[in-house]
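Novice: Here is what each chain is made of, one letter per residue.
Number of protein chains: 2
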Amino acid sequence: MIGTAPRTTTAGVGPVGGALPAARTRPLPAAAVRLGASGLLGRWQERNAAATLPHCLDALETSGALDNLRRLLDPADPDHHAGPYRGFNFADSDVHKTLEAVAWESARAGAPRHEDEVRRVVDLLRRVQAPSGYLDSHVLGSDGTDGSAGAAPSPEPYADLRWGHELYVLGHLAQAGVARARATGQDDLLDVALAWADDVVARLAAGEELVCGHPEVESALVELYRESGDPAYREAARRMLELRGHGRLGSGPFEPAYHQDATPVRDADEVAGHAVRQLYLLAGVVDLYLETGEEALLAAAAAQWDDAHGRRTYVTGGMGSRHKDESFGDPFELPPDRAYAESCAGVASVLWDWRMLLATGEARYADSLEHALLNVVAAATSTDGTAFFYSNPLQVRTGHDGADEYQASGRRGWFACACCPPNLARLVATLHTMVATRDADDGALAVHLYADADLDADLEADLGAGTAAGDVVRLAMRTGYPWDGDVVLTADAPSPVPLALRLPGWADVARTRLDVDGEPVDVAAALDARGYLRVGAGARRVRLSLPMEPRAIGAHPHVDAVRGCVALARGPVVHCLEQVDHPGVVLEDVTLDLAAGLEVGPADDALGVGATLVGTGRATPSEGLPLYRDVNIDATPDDAPVEATDLQVRAVPYAVWGNRGEGPMRVWIPAAASLRPGDRRRSGR
Amino acid sequence: MIGTAPRTTTAGVGPVGGALPAARTRPLPAAAVRLGASGLLGRWQERNAAATLPHCLDALETSGALDNLRRLLDPADPDHHAGPYRGFNFADSDVHKTLEAVAWESARAGAPRHEDEVRRVVDLLRRVQAPSGYLDSHVLGSDGTDGSAGAAPSPEPYADLRWGHELYVLGHLAQAGVARARATGQDDLLDVALAWADDVVARLAAGEELVCGHPEVESALVELYRESGDPAYREAARRMLELRGHGRLGSGPFEPAYHQDATPVRDADEVAGHAVRQLYLLAGVVDLYLETGEEALLAAAAAQWDDAHGRRTYVTGGMGSRHKDESFGDPFELPPDRAYAESCAGVASVLWDWRMLLATGEARYADSLEHALLNVVAAATSTDGTAFFYSNPLQVRTGHDGADEYQASGRRGWFACACCPPNLARLVATLHTMVATRDADDGALAVHLYADADLDADLEADLGAGTAAGDVVRLAMRTGYPWDGDVVLTADAPSPVPLALRLPGWADVARTRLDVDGEPVDVAAALDARGYLRVGAGARRVRLSLPMEPRAIGAHPHVDAVRGCVALARGPVVHCLEQVDHPGVVLEDVTLDLAAGLEVGPADDALGVGATLVGTGRATPSEGLPLYRDVNIDATPDDAPVEATDLQVRAVPYAVWGNRGEGPMRVWIPAAASLRPGDRRRSGR
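If you're matching them up, the sequences are chains A and B in order. In terms of my numbering, the first sequence opens at residue 8 and continues consecutively. In terms of my numbering, the second sequence opens at residue 8 and continues consecutively.
One chain only, chain A, in its complex shape:
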């Protein structure tokens, strides 16, 4: 029986744990990397622990998510809650994601956190779990007449696979159980999840075609396999992936593509439909690849990754342009103002990138991971850690109506659909596990994220193959990255394994410097085909200097929405203009004078950023201009007389926008040179 299979619990393992037979590079033990509290990532984790997690735990009470479970208790029970179900029908997942976040934070801290609260919740879950193992409070508590936001009443399990979200809830419960087992060695929550999962596995075995309208459980089932060693969970994931893509879920109000049910997963070569669903699904596809090595799975995922990143990703790393159905839009449909770019899509994109990186070892996936992390994902949380964006636009105009929480001008403490905050919390609690991995082929230690961190990897305990017995790597990584391009890695003894340092895609090879034990290295020669700078075993001190000049980024000409504009970046950090930094002018009237150059501006301690950007621009008043006007065909389309005010343009990291009150913001800035080709100041070039 599944439930009695020998458990190979691996306390100390992080997300995507286990042997990962098909991986090109493998996670280190979760405790191998500790981020320093002075660096950006370390501070983020500290804030997550100190502010975001307690905030989420509080919200589980105030939102009704826990009461939704308590109402299933016997009315005589003192903990019974008598009120109606509250929130969306998948509100249980807010509980589970928060429990997962607490677990990973406990692992990071090296000691249980919020343990009393967690035990109470686990106990509550145990008490309301159906004898079958089923545990979705919306369905269990329904008498067939009470709807909830987002779904019709449905007293029978799995009666509404398209919208019921029950397997999605199971997935998050399973992720939480796995995290708690790995973080604390406690199997209590895992057992709750396994009881439900076993019923699902049995139903699949009996021929029930269980496939969820919101993918998530696929990854979770693979994690259950990793945790339990029982291949039934892996095969359940495979079965669910194979059931999908044939229209079984039906349609209404959205087409099958919304649920990734229009194309079989192995045949898909474009991302489609609801972005978060698509991205979770792809994470699950790669999870299955990591266990099975089935090339068709990785090939489909890679093709979709190329499509997503080549045609449907915002310059901030955001995905899913459309508000209407929270979907990926058409190719190159990337409006900055109407960017939906849900925070959860940012999280899911990172989870997918991480699995692609493990599967391939290729730097571009780590580039993307870092890019999404430091831009769209970081922006989703306020500097104090307790307010969040649901959607992440790249432009807010003067006069924006931000009344709706899905297009809010400012971050909010919680949401009717509260998927994002605990999702952010669970990801941030695991950031340290993404800093470095071990390559499967030669055992090299690959460093993906540059941060103030200490690595202490006892390679004997490493789960990867190719580890020499007794290998230990202790590295101190010191850097002010991403504000500073210098990264110094110091080993306490000559490294017994090679090192592989990611060369970010934005870094010009010719302007990158690498010193190993004081000797400069030919960077181009050190660069391997996967995008990493290779340093042979035996090194003690490595200094990587990345070029941190400000950059202006242009978009593919089919991205009509940003024609004639540039985005500003430095290193991996995308910047934006905020109205608050440009008093006296209308932000939409500002154009950037690219030819005047860009400088690195001072740090902003209040915003917690180590650098800003400064440039030269002009504000050309447009008030009173007609909405449309004839242009002189013999001239250029933007030949209005220029009565511009020169001004200094200040750009701050997109990650911290909206922390100084609400107001206009934009990532893509009209570039003066392209806007006004007839302007004498620009002509003759």
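A few of these clues could be false.
Computed footprint of chain B on chain A, listed as stretches where at least three residues anywhere in the stretch have a Cβ under 8 angstroms from a Cβ of chain B [what the hints assert, rightly or not]: (1) 408-419; (2) 434-448; (3) 495-504; (4) 558-564; (5) 629-637.
Note that these hints are calculated values from the structure, not bench results. Don't be surprised by glycine CBs; every beta carbon is placed ideally from N, CA and C.
With chain A fixed as given, assemble chain B onto it according to the hints.
Specialist: Chain B only, in chain A's frame:
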């Protein structure tokens, strides 16, 4: 009692009938203008009669809209329908709008059309009408458990004012009843509407706060007042307008602004929320002004008109940019690809413009009316009259997913929410009534729409003030407009009243010519403050020559979505590029060489257009370009090497796009000069 008030039925009157005491210019009798079958507007009406109306009548059967009424009959009745309710909860309005369209078409034709079918439907409505007069089949047929698309089950009338649409349905029923009475003299349908309206009036009098989540009934009540002479209907409209704007409707899933319930109608100075609702509401506001002369109403409507047309209207006349909630977006948020621009919003915009024109006599409202009519409204229907767009994008990209009917790549025969087709039909059947009006001050005949038409206005029968007894104007208007700029008006006798000819806003005064009885007239001197060229009484032959050179249109710099692009127009007709006219290149790779000029191209008989536009462009292959790339800060943001193919660009009227198969289309075209300022072919200018 209201129902027994003396009826002042005015057979022969068109929409917005009656004395209109506050009007600056008043409609002619509906039969005063007959559009010639050779002109664009006349052909449109003929197609509407021959193809669109029969199509709509058929669809009332196939969609279930009539069966929704028949299921209310006694089960023993042979006409009883036993099936469930079908469609959205306001599907009755499809019936009523179709009846209205048939009525106006009957008036236009001078004889009843589809009279047997109409009588059967009227009889059906009578038989299922509740004793109270209430007549919403979704509510009457509900047992409290059956939902319909769009609303929860609601067996009690007015239990769900926010989503119930019952008063909206009443409004369309009333419009149909009024149209039938005016067109045919038959009061049967009007009596059905009055019975329901009387109950609503009584409820309002009893203190019930009836205000509908979807405005429409306000205009209808004013029309009932005009038709019946009973001020109770006018006051009911006033009461409903005053109830609105105080949050009575509540919220969910959308904010009060969605329903125009956030701001009192007299205080509103911006359009907001669901576009069709907002536009119908504003038509109702101006209807009430036309009866009461209350300046606050007109001032609020005018401010909102300026906002809508100055910041939130597509160059095609489309309104309501957002798919998510079908709303006006933020100011200048006008993405061409994600333009929702619902066909019904185009219709409603015309209805609002028409009332603004009557209230003020100002040409800009007629300009807007004509512009919306000939572009977004015209585009909504296929050249064969039997397929329709629900939304009207200004760009369809290569790879567009048009599976959803709200963002379809091609027109469809009918819709789950079928508001648009009968709405288009009822408007088109009244186009002739918008050609000309009588000015209230001096009785001048004001010509707003240029078309092949015959005017035969017996001014004694005119409802307007200021008419000299015995005045008759018989004018033949001959023109190939909008394909040709020459308009010749010939009277059979010297006109007893002055003429006022609209000078379209796009027409340069200096290039416009006007001849009266063979003598050239100083156009600038003839132009009055309202935008009309005044011709004194006594003229027999007037020739207006409008400048029809192709024009390139640029947008306000805050319309970020079309930066660096131009739209092409000739006269009032906006054009677009279609892939089918540009074989061998990717449409999104095409830029227009503005400096090479634009020429008038040949007519296209298959498309039914009298002219096209031809220009010179280049196709620059972009395949393989990265989504984002660093641009050289010392150069321009679009300095990629140019490997362009020169090509002839062909633009067809937007009104006929999508009639030659599905494929990419765009209204806004990147202009080469602004796109590539560093290109040597453009530099040195």
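Novice: It remains to establish, for every hint, whether it holds in the given structure.
Specialist: Against the structure, the hints come out as follows:
Coverage of the stretch 408-419 of chain A by chain B holds. Counting CB-CB distances below 8 angstroms, 4 residues qualify, and the rule asks for three or more. Counting residues of the stretch 434-448 of chain A whose beta-carbon sits less than 8 angstroms from any beta-carbon of chain B gives 0, not enough to reach three: the coverage restraint is violated. Given as covered by chain B, the stretch 495-504 of chain A fails the check, having 0 residues with a CB less than 8 angstroms from a CB of that chain where 3 are the minimum. A count of 7 residues in the stretch 558-564 of chain A with a Cβ less than 8 angstroms from any Cβ of chain B is obtained; the coverage claim is therefore met, three being the minimum.
Taking a C-beta to C-beta cut-off of 8 angstroms, the stretch 629-637 of chain A contributes 7 residues in contact with chain B, enough for the three needed, and the coverage statement holds.
Checked against the numbered hints above, the structure breaks hints 2 and 3 and satisfies the rest.
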